[in-house]
Structure formats: C-alpha cells, structure tokens
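Sequences and hints are given; from them, build the entire structure.
There are 2 protein chains.
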Amino acid sequence: MPDFGSLFSINANNMKASTIRELLKLTQKPDIISFAGGLPAPEVFPVEDLRAAANVIFDTKAKQALQYGTTEGDDGLREELIKFEQKQGVELKKENLLVVSASQQALDIVAKLFLDPGDYVIAGRPTYLGALQAIQSYSAKVLGIPFSEAQDGFDMDALRKRHAEAVAGGKKIKYIYVIPDFQNPAGFCWSLEKRKALLEFAYETGLPILEDSPYREIRFLGEAIPSIYQLDQRGANKGVVINLKTFSKILVPGARMGWIMADPAVISKCVVAKQAMDLCTNVFTQMWIAEYMRTGKLDAVIRSTRELYKVKRNHMVEALERYMPKRADIRWTRPEGGLFLWLTLPESIDTDRLLLKAIEKKVAFVAGSGFYADEPEHNSMRMNFSYPSLEQIEEGVKRLGLAVKEAIDESERR
Amino acid sequence: MPDFGSLFSINANNMKASTIRELLKLTQKPDIISFAGGLPAPEVFPVEDLRAAANVIFDTKAKQALQYGTTEGDDGLREELIKFEQKQGVELKKENLLVVSASQQALDIVAKLFLDPGDYVIAGRPTYLGALQAIQSYSAKVLGIPFSEAQDGFDMDALRKRHAEAVAGGKKIKYIYVIPDFQNPAGFCWSLEKRKALLEFAYETGLPILEDSPYREIRFLGEAIPSIYQLDQRGANKGVVINLKTFSKILVPGARMGWIMADPAVISKCVVAKQAMDLCTNVFTQMWIAEYMRTGKLDAVIRSTRELYKVKRNHMVEALERYMPKRADIRWTRPEGGLFLWLTLPESIDTDRLLLKAIEKKVAFVAGSGFYADEPEHNSMRMNFSYPSLEQIEEGVKRLGLAVKEAIDESERR
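Residue numbers (our numbering), protein chains in the order written: chain A, -9 to 404; chain B, -9 to 404.
Heads up, a few of these hints could be off.
Each pair may be met inside one copy or between any two copies, as identical chains are not told apart.
[Claimed, not checked] DSSO-like mimics (lysine-lysine), calculated; alpha carbons at most 30 Å apart, straight line:
#1 K388 with K53
#2 K388 with K347
#3 K53 with K287
#4 K186 with K51
#5 K83 with K6
#6 K131 with K162
#7 K161 with K6
#8 K83 with K395
#9 K84 with K228
Think of the hints as simulated: they come from the structure by calculation, not from any bench.
In structure tokens form, the structure reads like this:
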C-alpha cells in the first residue's frame, strides 16, 4: 500500500473524526433512550403528501428531473423559496439564492471560499460541531467568544476585546459564525439588540456574518425576531450577511436540501465552488420539494412541528424540574424554539465521564466539550427533545437525574 | 459591502468559473443542435420502474428514508453495489465502499484529502474538466502527460520522464488521475498492457491511482478490459487504486449518486472528509436506487443504453465521413464506448474561434482547449453523441462540416 499518511494533505491531517458522531452510534442501541442526536421528529413527516408530490414529478417532468441540472439550482424551487422567505419579510431575487445539499454543504462552501490555513473564524463558545468540523477541515481556527450572562447573544465586550487582541496579534479573521435563532447547542435566542450590535460590529470591522438559521421557523414560544440578514436588508443593506437555511428541520432531513441567501457577488462565487464540489444538487429532489411547496402544505407541517416540539420541550423541562437534584449550580436553558436544551452541572462534574455512567443506565446525551474548538468546558451537556417520545423523555430524564446524583455524591466523597 | 475580494481564500482565487459551462448555457437555445453537453440519453431513463421503486420506499420505509442517514451510506445500497461489482468480477466489502453524491463529489473529496497548495496531480493531456476544477480548487497543479500515438493510454516514456523531472525539481506529486474506460474527452480506451504498466508505475513510485470509471459499463464494441482497480486486486493487491463509479451514465444523473471503491484506510479518511462536507448523501435517493437495483432491471437499462449509444456513435462517425473535408489532418476517434468522440482539425484552426462560427450555423461542440490544465492544444473538439437524436446528429455534423470548410478556406486565404 502507498504510504497514504505521507501523502495526505495538511487539511486531511487537521480533520477530526467527530468523537460525538462515533458515540452517537453507541447510543443508537434500541434499549438506550437517546437525547444525543439532532434528529427531527419523524411523526410530523408528511409522507403521503410527499409521495403525491413525487408522483406529480414522475407524471409531468420525470425526464427533466432525472437529468443533470444547473449548479445554481432548479428555477421552480428557487421561485418557491423566494415566496417562502417573502412571507417572513425577506426580499430575494434568484441571484441572492443558491440551492445546496443542506446546510453542512453550505458551511463547507463558505469555509472553502474564505479560509486559508491559519485563518480565524469568530464563533460562540459553545457552537455547532459541524461548523467547527468544516472550519478545521481547511486548517483554520476559531476565535471563541463567550455568551452573555443573560444568554441573549455574544458578550459584546469580550467580542471587541478578543477581536482587538487578535488583530493586534496579526491574526487574520475571515468571518463571524452565529446561530441567532435557538443556538445549537445551547438553545437560547439572540435578542434584537444583540443582533443589531453584531451587525454594527460587522459594518465597523468589514467582516461578513455567516448566520446559520436551521431552526428559525421552529419557534414555539414568543415572537419572531428579525434575522441579522433581514436587519441588514431593512437597514443599510450592505450585503454583509450570508444566511443559511435548510429543509432538514422544517420538513425532512433525508432530502438533504437547503439554501444560501447572500449578496449576488458571494452567491456567484459559491456557485463556482459548488460546481467543483458536486456539479449540482439532486435534481429530482429539488423538483419534488418545489412541487410539495406548491401545494401550500409546508406551513401546516411547520405549525405541527412547533406544536409537537413545544409539548416535548415542556415535558423535558418539567421532568428536569422533577428529577434533577435541586442545586443552584444545576441549571438548564428554557428554549423558545429549536431542538435542544443545554444543561449545566456543578463544575466538579465532567460530562464526558458522566456519559459512560449514563449509558450504563441506558440514557445518552452529548457531552458539551465537543462544541468547543479549544479549552472546552466540561460540566455541560446538550439534550435533544425533538426525537424521543414523551414516555422516553420522562424515563430518560429520570435515569439521567439518578446518574447526576450518583456522580455528585462520588465527587463529594473524594 | 465587505471587501470580499480581500477576504476570499487562495483556493477561491484559484477556482475557475468554467468557460465551457458558461458556453453550455449559450448552446442550450432550442434551435441549436448541441454536441457540447455530456448528457445521457433521456429516452432510456426507466421512469416507470423508478416510480415503482420510489413508491415501494414510501410504502415500506418512508420515515427512515426521510430521516438523516450515516455518512458511509445506506446499508441496503451498499449491499446492492457489492453485488453489482461482483458480477463484473470486483470483490468488495462494505468497508471498501463509500456512497457519494456522484463522481464530482468523489473528485472533490480525494482532492481535499491529498492536495496542499502547489502539489501536483499526474493527469492526461487532455483530461476531464471537472477533475481539473477540483484539483485547482485546492490550489494544486497538474503534471500533464500526453497519450500515445496508438491512443491506448499514457505515453509511458513521457510519463517516466516528466515524473523524474518533477521529482528532481522538488515537485510534490500526490496521485495519478486517469479515465481508462472511454476517456473523457477523447473517447478512447486504455489497453490491458498500458493499465498494467501504470499499475507497475504506481507500485514503483508509491503513488495512488485515482481511476475514474463513469463510462465503464457503457461499452458497445469489443471486450471489457479489467479496471486498474481489478488488476491490483487480482495481482499484488496493494490497495493503490481509488476507483470512482456513478449512476449518472448507467441510470440517471439527476439522482446525483455514485460510489468510491478503495482500501478501507482511504475510505475511512474519505468518510471523515465527507462528514464535514454534507453529513451524508440524500437518504431517500439512496434507498430508492437500492430498491430499484433489487428489481434486477438495471442490467437491461445498461444494455439498452449500450445499444442506443452504438447506433448514435455509428451515425456520428458516418456523418463525419460524409460531411467533413477529406484531409489527413482532419481525424476523429472511433470510441468503443462512452458518450464522446474527439475531433482533431488542421493546426491552423482554433476551435475556440470555430465555435463562434458554428453557433452562427446553429451547431455547438466543446472546444478542446478547456480539457488542458495548461498549454492547451487549440485544434480539437469534443463531440457528444449520446444526447442528440439521429436526425440532429445528421444535420448538426452537416452544419459543422460546413463551418470547418469555411474556416479552412479562410485560414488558407490568409
């Protein structure tokens, strides 16, 4: 065999096989109640309506749907996406849109377009693991910014300080990555003020904002807050925001379908990058989803998803109140949307180790450490409430409460 | 707007918007007969059988097919791929296989895994444009190798000479890219001897071979020759070959579905890379194609494709004999498979300019220059025979013959 190790690129050597994703496999055993994944609830997948839409494509446009398509994306799908965004107050033209094979591909495209080895991306501490993987796969690094105590966005003082230090230290920062709507993993939502402040910061520094909005439509409590993309559009309209959306959480993830919204200058560069990556996204699926959107039924699916997730979220919060030890240093976020909440434990507890104990008790979560590019915090965990059933939430949180209690007892005996 | 130009990566600045793909858009006007694309013939798409298979998935596995899947690919699809390859004499285990979003994604993954800026890939002169784009998108370069006079593979003396010079000059070569079965763009097929010689060269130099085989099954004349992947497997079995396959030419391209066959050490690295690129390939389509394969009907589609392409290829060759000026310096390949032939004109003719004249006459092709990473030859063109109808082939070649005649007359008047 060739000595592949000596032939692999620097990028390849910087890629990290996600230990989380490896652990996810362990937690998929049928007897384990898993709060670990990020799977949407299959009970709201509109199977029969999707079947009908697919059959319309077979009836009317099969040969076109089975042929190659353009890199930019199917015209019909882009028209539906423009209407979908318009209903939320976002104004788009086709040249602001690129259809992608879901958000992870968008994270890859943007990373490839901007990042040279050693470059930096500003991102939250913690932040989405897949974004970290994309950044690291181009040998770039993350300048981590803590969130405010109020959990309403970045600690803006820390942002300014870390940015100034980095610039003074000669670090090249290329963009700012944020998930303002129901942040993954922590679940909280950025306030309007913090969104505006970040946009101002982007204007001042000339840095683009990569706004990842997979959960934006999954708000089950409170009022929608404009996206940063919208705030720019309604205000100075400087085109500094690249906004990522996906069907994975509002319809089905198996379609691997999403879209990028950005200034046409960015989109046209993304098209060139994507062409060399996969020529175009699955054409049949694009036309199929467009056909489904034309039925007007997507809004109802999103409403059902919100209703269901609200019930599941409430059930998890109530179960935590019931089963977690009552201590000031055990707390969790109460998200108004999305799929996750974030549980913080006493500093003496390492959730990487706690996970082993939890798996013994047949319950699983994601240890928080995986969501930090460096200097991870070890006493937190991400819990998914969209996928498990109410019964599983009840029983799983009960088992988890027991595991936490035992871990605290052990740590206090030491 | 941020100064995106100053923020884009070196890779982004090395990405080339393919002028060919831009031109393709021009040639898609309905009144133009186009030999320019690389589209398979839609008349062989098995629409009703594909519809039936999709409906089986809706009936039996919808929720799973619409959910996230593993990066490695659907188990059922990988089982079918193993059987499909076994019928051709290729022995695989699941760990030799990665499902990808068609070959272009595989070209991107391999380039990302191996190429640092300034690295080299050995490839033919000419070679597939999409492979060049993938390589250039990581700021790497191509060491171009001419083909032999007999058009049976690389000129092996030239390969050894260029390789030795490059190594002596400190160039880092990472892999060898070839399309042995019906080379794109030239259409010819590598002989058994040349395949063996290249494999030996790989063993000697420790370089992996990236064998791209999108057209392997589309042989309509002569006997199949073992792939280089097979030759390695049957011989020293050193695992030096990474073989790329796709459904784009044997079934439908709109499904964006292909597979990589390689040593497990390479596959596991590809999995890590792909995870950061798109998490997984379209799950619904994977299960749908697997279901279609289980019907056993793919072989018949491949047979029909071969029959149809043979008729079209013959028709194009005969039309060229009828309509092209009879000169020793006008010649074309007579491919035994695939979708393309390669036409060479007198050296005085620049096909980039000829294309403009051809488009005036409502016929299009791809100028050969786009298939060279550097120092392009200018007197050749790629002609696709799979997509146009027999009538279009007849009329289009007639128009092209006229354009060539006029161009020669003009060049001789100068």
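Structure-based check of all given hints:
Taking the shortest alpha-carbon separations for K388 and K53, only the inter-copy value of 28 Å comes in at or below 30 Å, while the best intra-copy value is 53 Å. Proximity of K388 and K347 under a CA criterion of 30 Å is satisfied intra-copy only: 14 Å inside one chain copy versus 76 Å between copies. Taking the shortest alpha-carbon separations for K53 and K287, both the intra-copy value of 26 Å and the inter-copy value of 18 Å come in at or below 30 Å. In this homomeric assembly, K186 and K51 never come within 30 Å of each other (Cα to Cα): the closest approach is 44 Å inside a single copy and 45 Å across copies.
Only between protomers do K83 and K6 lie at most 30 Å apart by alpha-carbon distance; the minimum there is 25 Å, versus 37 Å within a single protomer. Taking CA atoms no more than 30 Å apart as the test, K131 paired with K162 passes in both settings, with 10 Å inside one copy and 26 Å between copies. Taking the shortest alpha-carbon separations for K161 and K6, both the intra-copy value of 23 Å and the inter-copy value of 28 Å come in at or below 30 Å. Proximity of K83 to K395 under the C-alpha cut-off of 30 Å is found in neither arrangement, the shortest distances being 55 Å within a copy and 45 Å between copies.
Taking the closest pair of Cα atoms, K84 and K228 come within 30 Å of each other only inside a single copy of the chain (18 Å); across copies the shortest separation is 49 Å, beyond that limit.
In summary, the structure is inconsistent with hints 4, 8 from the numbered list given earlier, while agreeing with the others.
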